[in-house]
Amino acid sequence: MGDQHASTRAQPAAATLDELRDMARRLRREVLIMTTEAGSGHPSSSFSAVEIMTQLYFGGILRHRPQEPHWPDRDRFILSKGHAAPILYAVLAEAGYFPKAELRTLRRLGSPLEGHPNMRRLPGVEASTGSLGQGLSIGLGHALAARLDGRDYQVYVLLGDGEIEEGQVWEAAMTAAHQRVGNLVAIVDHNGYQQTAAVSQVTDPRTYGDKWAAFGWRVEEIDGHDLEAVRQALLAARDYDAGPCVIIAHTVKGKGLKLMEDDFTWHGRALPKDKLEQALEELG
Amino acid sequence: MNLGAAVGLKLGKATRDAFGEALRDIGRENPAVVVVDGDVSNSTRTEWFGKQYPDRFFNVGIAESNLVGVAAGLAACGKIPVAASFAAFLLCNAYDQIRMGVAFPRLNVKLVGSHAGISIGEDGPSQMAIEDVALACALPGVAVLVPADEHAARAATRAMIAHDGPTYLRVGRPNVPVIYDEGVSFEIGKAITVREGGDVTIIANGLMVAAALDAAARLAEQGIQARVVDMHTVKPLDEAAVAAAGRETGGIVVAEEHLHHGGLGSMVAMAVARLHPCRMGFVDLGDTYAESGAPDDLLRAYGLTAERIVEEATRIARGG
Numbered sequence: 001m002g003d004q005h006a007s008t009r010a011q012p013a014a015a016t017l018d019e020l021r022d023m024a025r026r027l028r029r030e031v032l033i034m035t036t037e038a039g040s041g042h043p044s045s046s047f048s049a050v051e052i053m054t055q056l057y058f059g060g061i062l063r064h065r066p067q068e069p070h071w072p073d074r075d076r077f078i079l080s081k082g083h084a085a086p087i088l089y090a091v092l093a094e095a096g097y098f099p100k101a102e103l104r105t106l107r108r109l110g111s112p113l114e115g116h117p118n119m120r121r122l123p124g125v126e127a128s129t130g131s132l133g134q135g136l137s138i139g140l141g142h143a144l145a146a147r148l149d150g151r152d153y154q155v156y157v158l159l160g161d162g163e164i165e166e167g168q169v170w171e172a173a174m175t176a177a178h179q180r181v182g183n184l185v186a187i188v189d190h191n192g193y194q195q196t197a198a199v200s201q202v203t204d205p206r207t208y209g210d211k212w213a214a215f216g217w218r219v220e221e222i223d224g225h226d227l228e229a230v231r232q233a234l235l236a237a238r239d240y241d242a243g244p245c246v247i248i249a250h251t252v253k254g255k256g257l258k259l260m261e262d263d264f265t266w267h268g269r270a271l272p273k274d275k276l277e278q279a280l281e282e283l284g
Numbered sequence: 285m286n287l288g289a290a291v292g293l294k295l296g297k298a299t300r301d302a303f304g305e306a307l308r309d310i311g312r313e314n315p316a317v318v319v320v321d322g323d324v325s326n327s328t329r330t331e332w333f334g335k336q337y338p339d340r341f342f343n344v345g346i347a348e349s350n351l352v353g354v355a356a357g358l359a360a361c362g363k364i365p366v367a368a369s370f371a372a373f374l375l376c377n378a379y380d381q382i383r384m385g386v387a388f389p390r391l392n393v394k395l396v397g398s399h400a401g402i403s404i405g406e407d408g409p410s411q412m413a414i415e416d417v418a419l420a421c422a423l424p425g426v427a428v429l430v431p432a433d434e435h436a437a438r439a440a441t442r443a444m445i446a447h448d449g450p451t452y453l454r455v456g457r458p459n460v461p462v463i464y465d466e467g468v469s470f471e472i473g474k475a476i477t478v479r480e481g482g483d484v485t486i487i488a489n490g491l492m493v494a495a496a497l498d499a500a501a502r503l504a505e506q507g508i509q510a511r512v513v514d515m516h517t518v519k520p521l522d523e524a525a526v527a528a529a530g531r532e533t534g535g536i537v538v539a540e541e542h543l544h545h546g547g548l549g550s551m552v553a554m555a556v557a558r559l560h561p562c563r564m565g566f567v568d569l570g571d572t573y574a575e576s577g578a579p580d581d582l583l584r585a586y587g588l589t590a591e592r593i594v595e596e597a598t599r600i601a602r603g604g
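Which chain is which? The protein sequence lines are X and E, in order. Under our numbering, the first residue of the first sequence carries the number 1, and numbering increases by one thereafter. Under our numbering, the first residue of the second sequence carries the number 285, and numbering increases by one thereafter.
Warning: the hint list may mix true and false statements.
Covered, in the sense of this in silico footprint (three residues per stretch, anywhere, with C-beta under 8 Å from a C-beta of chain E), are these stretches of chain X [stated by the list, open to error]:
id: 1; segment: 101-112
id: 2; segment: 141-155
id: 3; segment: 169-176
So these bits of chain E aren't anywhere near chain X, every CB distance computed over 12 Å [as the list claims (entries may be wrong)]:
id: 4; residue: 289
id: 5; residue: 294
id: 6; residue: 348
id: 7; residue: 349
id: 8; residue: 354
id: 9; residue: 361
id: 10; residue: 378
id: 11; residue: 380
id: 12; residue: 446
id: 13; residue: 502
id: 14; residue: 558
id: 15; residue: 564
id: 16; residue: 566
id: 17; residue: 581
id: 18; residue: 587
id: 19; residue: 599
No wet-lab data here; the hints were simulated from the structure. Because the structure is a prediction, the values reported are computed rather than measured. Every residue gets a Cβ at the ideal spot worked out from N, C-alpha and C, and that includes glycine.
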């Protein structure tokens, strides 16, 4: 059934660690500039996911073709925490899905770079998200389709830690484990904060690993800003075929900018224009 | 089911049975069709597909939100997923997932809600979808189908699969009267005139088409010739048929097994107001939940009857 499709995984070339660090720095700058120019957006929720996204797209993990966004054998990336759209847009532009100049149109009428990702308007966006809790089910659908079609692509879904308070996440977690989908990888961007409070004031994040394991997932906890740790975890998850994997990435909301790291109320707020220059200096 | 018995309509199969049979047959012809079930396949009849094609059948558990999300992912990969559950749970439990995962990205998911309306009977209001058509119609780009009998349900199932875009198909639990011959032509968005008449028009769908035919026969005895239109597609509405009814007959009675607000009556009224204002009457559930009871008793108790249609049609035909 699958013999006409790619049967051996030819992985894209990985950049060096220095190149990846440089890319991460560039992505943070892009996120900051585009959200500040837009006057709104979620830069701090994007910053916590920068190293994860950098490794996925530029570390040789994701198999994809920016010039052929609907290539059937592509690995899928689904941004379930859709409010982190700025980092997805920055990554897609760097990867060549669309011109970088479009990043300056974020959130403007007529721009395909909407406040939350719209799969019908922007190449490289696999799912329209923004209502939390839904991406893992959609990813599971992609993973099951791969099985039906005899394809060997992987499906990566990035979730927020606040987001996994949504019940649908656990519905999907139960089904994915039961179906033993070996090509589904969830990554929890565990940055510790949701919109109005620390996650620990709402639910207990110390038990995340136990919860996913109890649902039948292979669990790995890492420092989500350590590029090498992120890479090793993604490789291990990709190579694990017996069932779904979750990577709990311990991150810092607003990572890279002191004022955002210290103050969770930056969720959903862009940096004012008069602070941009100094912030870009800090990012380097 | 007594509806239509007075005019000699014979009881046929339930629309859910016809859907299940058609889906099983389509499964043989179209390998892209898959089913996502919320552990009610013996009720929705998708189990007949599942038994034939177990690889293409996914019971994702009693988890409608997940069900719709999984279907969306499958559709994004080129499959034609049939996401089926009780209409009440599918539309009401997973509405946000349908909105974000199916309607907004215009994915080719076939939503099928069974056990719609109060005619499910004894299981009571928690299981009765009486607002599903309103909810489905509120979603941009979603076609909404309410077939009247087993032959229309088979044809609607085929039309739904052939249609490129998100679709909601409403089917019912009880056996219902046969209106059509086998192989009836069913075109999405094209109403079927099942009886000609020039004095008043009854626009109905689902099992109320049988009641409408019964009502038309009684009206004829009073010298009122009623046109009966089966508006099996609520959205996109056949506005030409509505305008013609307004223009050519004295007024319109809408009959549906649904709440008063937001269903077929609302859709027809908006078209009437814009295209050809005329007198209207409405036979529906009103603004209330029902209760447990035998289906025929419930339909009578809540006014979903030929008698109520006759009352409304007579009022309109006499200029009331």
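Hints versus structure:
{"no.": "1", "hint": "101-112", "result": "violated (count 0)"}
{"no.": "2", "hint": "141-155", "result": "holds (count 8)"}
{"no.": "3", "hint": "169-176", "result": "holds (count 4)"}
{"no.": "4", "hint": "289", "result": "holds (44 Å)"}
{"no.": "5", "hint": "294", "result": "holds (41 Å)"}
{"no.": "6", "hint": "348", "result": "violated (9 Å)"}
{"no.": "7", "hint": "349", "result": "violated (4 Å)"}
{"no.": "8", "hint": "354", "result": "violated (4 Å)"}
{"no.": "9", "hint": "361", "result": "violated (3 Å)"}
{"no.": "10", "hint": "378", "result": "violated (9 Å)"}
{"no.": "11", "hint": "380", "result": "violated (5 Å)"}
{"no.": "12", "hint": "446", "result": "holds (21 Å)"}
{"no.": "13", "hint": "502", "result": "holds (49 Å)"}
{"no.": "14", "hint": "558", "result": "holds (29 Å)"}
{"no.": "15", "hint": "564", "result": "holds (37 Å)"}
{"no.": "16", "hint": "566", "result": "holds (34 Å)"}
{"no.": "17", "hint": "581", "result": "holds (37 Å)"}
{"no.": "18", "hint": "587", "result": "holds (38 Å)"}
{"no.": "19", "hint": "599", "result": "holds (46 Å)"}
Violation of the numbered hints given earlier is confined to hints 1, 6, 7, 8, 9, 10 and 11; the remaining hints are satisfied by the structure.
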